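Trainee: The residues making up each chain are set out below.
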Amino acid sequence: MASTAAVSSKARASSTEASLTPTRAFVPDPYLDLATYAAAADLLTLSLGPQHPSTHGVFRVVLYLDGELIVKAVPHVGYLHRGVEKLCEKLSYSNVTPILDKNDYVAPMCNEQAANMVFEQLLGVEVPLRAKFVRTLLAELQRIASHLLWLGTFAMDLGGALGGGTSVFMYCFRERELILDLFEELTGCRFHYNTHCIGGNRHDIPAGYPALVHQSLDLIEARLLEYLGMLEHPIFRDRTRGVGTVDAELALELGLTGPLLRASGIDHDLRRDAPYHVYDLLDVNVICDDGGDCYARYKVRLQEIAESIRLSRLLIDNLPAGPICSTKPLSGVTQFKITSGQAYVAIESPRGELGTWLIAGGKGMNPYRMKLRPPSLHALAAVPYLFPRHTLSDAVAILGSLDPIMGEADR
Amino acid sequence: MSDEPSAPVAADGGAAAAAAPPSLLQGAAAIEPGEASEVVLARLAQACPSALARAAEQTSKRAARAQALEGFLRERFGVEPDPSNGGPLVPAERHFELARALKEELGYKLYVTVCASHWPAQKTKTGEDPEHFELATVLRTLGSGTHQACWRVRIAADVAVVDSLVPLFAGADWQEREQFDLLGVRFRGHPDLRRLMLPDEWEGHPLRKDYAIDTRCVPWR
Amino acid sequence: MGHLIANAWLRGLVHGALLITVLMTAVAWISWFERKFAARVQSRLGPTMVGPAGLLQPIADAFKMFQKEDIIPRGADSLLFRLAPPLTLFLSLATAAVLPIMPGMLASDLDIGVLYALAFSGLLAFPIWVAGWSSANKYALLGGMRMVAQGISYEIPMVLCALVPVVVTGSLSLSEIVKYQAAHHWLVFWPPGIGVIAFVLFFTTALAESNRIPFDIPEAESELVAGPTTEYTAIRFGLFASAEYAHSVVSCALASALFLGGWDGPVLPPSVWMLLKTAALFVIVTWVRWSLLRLRSDQLMALCWKYLVPVSLALVLGAGAWVYVVG
Numbered sequence: 001m002a003s004t005a006a007v008s009s010k011a012r013a014s015s016t017e018a019s020l021t022p023t024r025a026f027v028p029d030p031y032l033d034l035a036t037y038a039a040a041a042d043l044l045t046l047s048l049g050p051q052h053p054s055t056h057g058v059f060r061v062v063l064y065l066d067g068e069l070i071v072k073a074v075p076h077v078g079y080l081h082r083g084v085e086k087l088c089e090k091l092s093y094s095n096v097t098p099i100l101d102k103n104d105y106v107a108p109m110c111n112e113q114a115a116n117m118v119f120e121q122l123l124g125v126e127v128p129l130r131a132k133f134v135r136t137l138l139a140e141l142q143r144i145a146s147h148l149l150w151l152g153t154f155a156m157d158l159g160g161a162l163g164g165g166t167s168v169f170m171y172c173f174r175e176r177e178l179i180l181d182l183f184e185e186l187t188g189c190r191f192h193y194n195t196h197c198i199g200g201n202r203h204d205i206p207a208g209y210p211a212l213v214h215q216s217l218d219l220i221e222a223r224l225l226e227y228l229g230m231l232e233h234p235i236f237r238d239r240t241r242g243v244g245t246v247d248a249e250l251a252l253e254l255g256l257t258g259p260l261l262r263a264s265g266i267d268h269d270l271r272r273d274a275p276y277h278v279y280d281l282l283d284v285n286v287i288c289d290d291g292g293d294c295y296a297r298y299k300v301r302l303q304e305i306a307e308s309i310r311l312s313r314l315l316i317d318n319l320p321a322g323p324i325c326s327t328k329p330l331s332g333v334t335q336f337k338i339t340s341g342q343a344y345v346a347i348e349s350p351r352g353e354l355g356t357w358l359i360a361g362g363k364g365m366n367p368y369r370m371k372l373r374p375p376s377l378h379a380l381a382a383v384p385y386l387f388p389r390h391t392l393s394d395a396v397a398i399l400g401s402l403d404p405i406m407g408e409a410d411r
Numbered sequence: 001m002s003d004e005p006s007a008p009v010a011a012d013g014g015a016a017a018a019a020a021p022p023s024l025l026q027g028a029a030a031i032e033p034g035e036a037s038e039v040v041l042a043r044l045a046q047a048c049p050s051a052l053a054r055a056a057e058q059t060s061k062r063a064a065r066a067q068a069l070e071g072f073l074r075e076r077f078g079v080e081p082d083p084s085n086g087g088p089l090v091p092a093e094r095h096f097e098l099a100r101a102l103k104e105e106l107g108y109k110l111y112v113t114v115c116a117s118h119w120p121a122q123k124t125k126t127g128e129d130p131e132h133f134e135l136a137t138v139l140r141t142l143g144s145g146t147h148q149a150c151w152r153v154r155i156a157a158d159v160a161v162v163d164s165l166v167p168l169f170a171g172a173d174w175q176e177r178e179q180f181d182l183l184g185v186r187f188r189g190h191p192d193l194r195r196l197m198l199p200d201e202w203e204g205h206p207l208r209k210d211y212a213i214d215t216r217c218v219p220w221r
Numbered sequence: 001m002g003h004l005i006a007n008a009w010l011r012g013l014v015h016g017a018l019l020i021t022v023l024m025t026a027v028a029w030i031s032w033f034e035r036k037f038a039a040r041v042q043s044r045l046g047p048t049m050v051g052p053a054g055l056l057q058p059i060a061d062a063f064k065m066f067q068k069e070d071i072i073p074r075g076a077d078s079l080l081f082r083l084a085p086p087l088t089l090f091l092s093l094a095t096a097a098v099l100p101i102m103p104g105m106l107a108s109d110l111d112i113g114v115l116y117a118l119a120f121s122g123l124l125a126f127p128i129w130v131a132g133w134s135s136a137n138k139y140a141l142l143g144g145m146r147m148v149a150q151g152i153s154y155e156i157p158m159v160l161c162a163l164v165p166v167v168v169t170g171s172l173s174l175s176e177i178v179k180y181q182a183a184h185h186w187l188v189f190w191p192p193g194i195g196v197i198a199f200v201l202f203f204t205t206a207l208a209e210s211n212r213i214p215f216d217i218p219e220a221e222s223e224l225v226a227g228p229t230t231e232y233t234a235i236r237f238g239l240f241a242s243a244e245y246a247h248s249v250v251s252c253a254l255a256s257a258l259f260l261g262g263w264d265g266p267v268l269p270p271s272v273w274m275l276l277k278t279a280a281l282f283v284i285v286t287w288v289r290w291s292l293l294r295l296r297s298d299q300l301m302a303l304c305w306k307y308l309v310p311v312s313l314a315l316v317l318g319a320g321a322w323v324y325v326v327g
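Protein chains in written order, with the numbering used here: chain A, 1 to 411; chain B, 1 to 221; chain C, 1 to 327.
Be aware that a few hints might be false.
Covered stretches of chain C, going by a simulated chain A footprint (3 or more residues, C-beta under 8 Å) [claimed, not checked]:
| # | stretch |
| --- | --- |
| 1 | 73-82 |
| 2 | 180-190 |
| 3 | 240-251 |
Footprint (simulated), chain B over chain A, 3 or more residues, beta carbon under 8 Å [as the list claims (entries may be wrong)]:
| # | stretch |
| --- | --- |
| 4 | 48-56 |
| 5 | 69-83 |
| 6 | 208-220 |
| 7 | 248-255 |
| 8 | 352-364 |
None of these hints come from the bench; they were simulated from the model.
Bear in mind the structure is a predicted one, so any value in this text is a computation, not a measurement.
For glycine and all other residues, C-beta sits at the position ideal for the given N, C-alpha and C.
Take the sequences, apply the hints, and build the full model.
Mentor: Structure follows, in structure tokens:
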């Protein structure tokens, strides 16, 4: 594998500025010229995806295999590209939210919040305290649901659809269902809520809701132990430890955020470091791990579930009275008008920094340009760096641990 | 192994079903009243004693960073901050230089995002504003008091070329490919400038303002 | 030692037909059992719609399998592609010929019964490799390659562990081994210590041979879609599936004959004991399958060559020493 270890890629050498000396010992070269690879004649080209059991949707990666060892991985995204950004340019500000629900379909609450927060900033609309509490609560519940889904699919990647992995998957979905029930109780929808609007929320907490939340959270907390029982054994550790290691520097360059960044040992969480909603009132514990491998990501996410449960309890116990929305109920699609200005606002979604760069302009009825910053796309960009030197089985595990949501990556 | 074929929809073991019966709140039109905000805030402050102080620390740190960045931009690049537009407009030829300085000198190490936008020619009060692109870049410092550095560069439409940040940030690869794909801005020094989202044979760049939504492109449309 | 039917040819024919009928029927409801078991493990219900408690589900499945379109890929080697599924089933069932169900009832009382059973079980890698090769599919090819590597590797500790009863009883005939156990000790307890380890290892390697999780890397559907069977449809796929079940059952029966005394047991008739022991082992197999994750192929090989082979070698030596010293 000598030639894959060649550090300086052509890209780095031929940059316009003086070449930056690499600071890391080893970087798998995503631009590797296969003709220079010693065993080029024996390489097997395997197109993994877009229809494949473990690509989490429609992700395709072309693998060049030397035996079972991956020499080079060339990812292809865009199979789920729906032109959401273009669509947003044609929609009024209040109509953007339901479209963004379909972006990260595993954590739609966070999408809604990210978009509405940037609208509110440019409009100068203040969100009432109760709505902020509700938003924080929804974000934390959504984080639990999203991480649970991740855990289930990750176990299925490791253990197969016809084995122990599915058992974990079923358990996780059973608990995720509780969260979806809570959301359904609140908004009437299980997936695409459309509950956030400019200036607050549409749906207020119904009477008796806190008791329901407590009930569900207690159940989930108790059952977290079941996942540990199913997963904490030598096979799982062998499959995940030292697999797909991302060092901190590479993680930063790639723009990995959220659990991926924290699992690489960087103590960074927008909830604590740039508090929005009511996170400035909460002592968010940021969970980090130095491993950088799949096991570290698993540990970080599992502990984040516990942390989110704690925060959710705190929030639902301390619900302030007051209005849920500071703007009038929507009377027409042209109610909100922003004629100029640009802003970037980011929140910490379950997958990392979910940001929106909004350019207002034109007649002011709809966004002039809206760029979403999907954490999943940045995570997938790590694939060419992570796959080489691993086997096909590990590739599946690594892809699973990155937690990509294609709806969000492709938009 | 005894089960009732007549009840295939029964949930597992009864536990999950009993925990959150979906009908519990049905018909409850009333909303949860909540408590006065002062009470709530006081109680939260007691529960999370360090939270407010920590938040204040973040704010002050961020303000200090923002000030340092403003000073730096004024001194080295001669540009004034422009908060209402996200960030200052920097000359395009100094784009790479600025990114590098921010990464290596000021600690903006996390590559966040890049956003290109297309501005067709339009008449303004001061005269004709020719067609151009704007490229906004966001970098971020890490950890406590994280601060995002945003700046924009203006790119003439007839050239539509700007320096690539790939030599600095590996993650810029796909982001710049996406901007190239959707808007047609080219990046000088990018190792692999192909379309990212759309098929390689696609004609045109959909996020340009002059791209008609109903442009035909066989066989996808 | 009279057999129920004196003529060897006739005996083979009758018992063989009986065995195949019983086994294939059993396989159908074993698949029902596994689905029910898995459903209960995963807090689901499993099949409920066809017949009481879904008991007729296997029949519906079989009908479905026959109805489905039979597709042979254009690039496939047609002859080998057709040959592989029946060959797999044949090899799985052929192993059962030497299984002593009860005293005087077995299809063929070979003097080298253990060798025969292990040889046929080891040959199973061959038709699966053929399936993988002839499918003209890269996933199938990779799966076939994994199958060969795994089959050949796990063959060795399996044979070595099976040698422990052979060394202790001094016979290669399965019926003799069972008779020895009925007369003396079950070999799982004898020689003390060595027997238990040999049994566990044999059972583990038998799991690996029959491609059950955690050793199902040839199938590995999260990586290789469905491994060697990726391109198979309809009843050809059904043959593979039933061959896998049949092989698992036969492996369990083999393990109980070699180590758990076969038909030996109090009160109940011998054939019931044999069935009970096999069923108990199969429950364990199922339980393991629906609880564990899958190993990686290189970890699988490391487990075999670094741990299982040396330990089983030591077991054979230990058994030999035991026989030499104790008698």
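Trainee: Count the residues of the stretch 352-364 of chain A with a beta-carbon closer than 8 Å to any beta-carbon of chain B: does the count reach three?
Mentor: holds (count 4)
Trainee: Cut-off 8 Å, C-beta pairs, minimum 3 residues; does the coverage of the stretch 73-82 of chain C by chain A stand?
Mentor: violated (count 0)
Trainee: Just to make sure I understand the rule, a stretch counts as covered if three or more of its residues have a C-beta closer than 8 Å to a C-beta of the chain. Does the stretch 240-251 of chain C meet that for chain A?
Mentor: Check failed, 0 qualifying residues.
Trainee: Cut-off 8 Å, C-beta pairs, minimum 3 residues; does the coverage of the stretch 208-220 of chain A by chain B stand?
Mentor: Satisfied; 7 residues make the cut.
Trainee: Counting residues of the stretch 48-56 of chain A that have a beta-carbon nearer than 8 Å to any beta-carbon of chain B, does the count reach 3?
Mentor: Violated, because only 0 residues of the stretch 48-56 of chain A bring their Cβ atoms closer than 8 Å to Cβ atoms of chain B.
Trainee: If you count the residues of the stretch 180-190 of chain C with a beta-carbon closer than 8 Å to a beta-carbon of chain A, do you get 3 or more?
Mentor: n = 0 at 8 Å, threshold three: violated.
Trainee: Check whether three or more residues of the stretch 69-83 of chain A sit with their beta carbon closer than 8 Å to a beta carbon of chain B.
Mentor: holds (count 4)
Trainee: Mind checking, does the stretch 248-255 of chain A have 3 or more residues with a CB under 8 Å from chain B?
Mentor: Our answer is that it holds, as 5 residues pass the Cβ test (under 8 Å) against chain B, meeting three.
Hint compliance for this structure: hints 1, 2, 3 and 4 are not met, and every other hint is.
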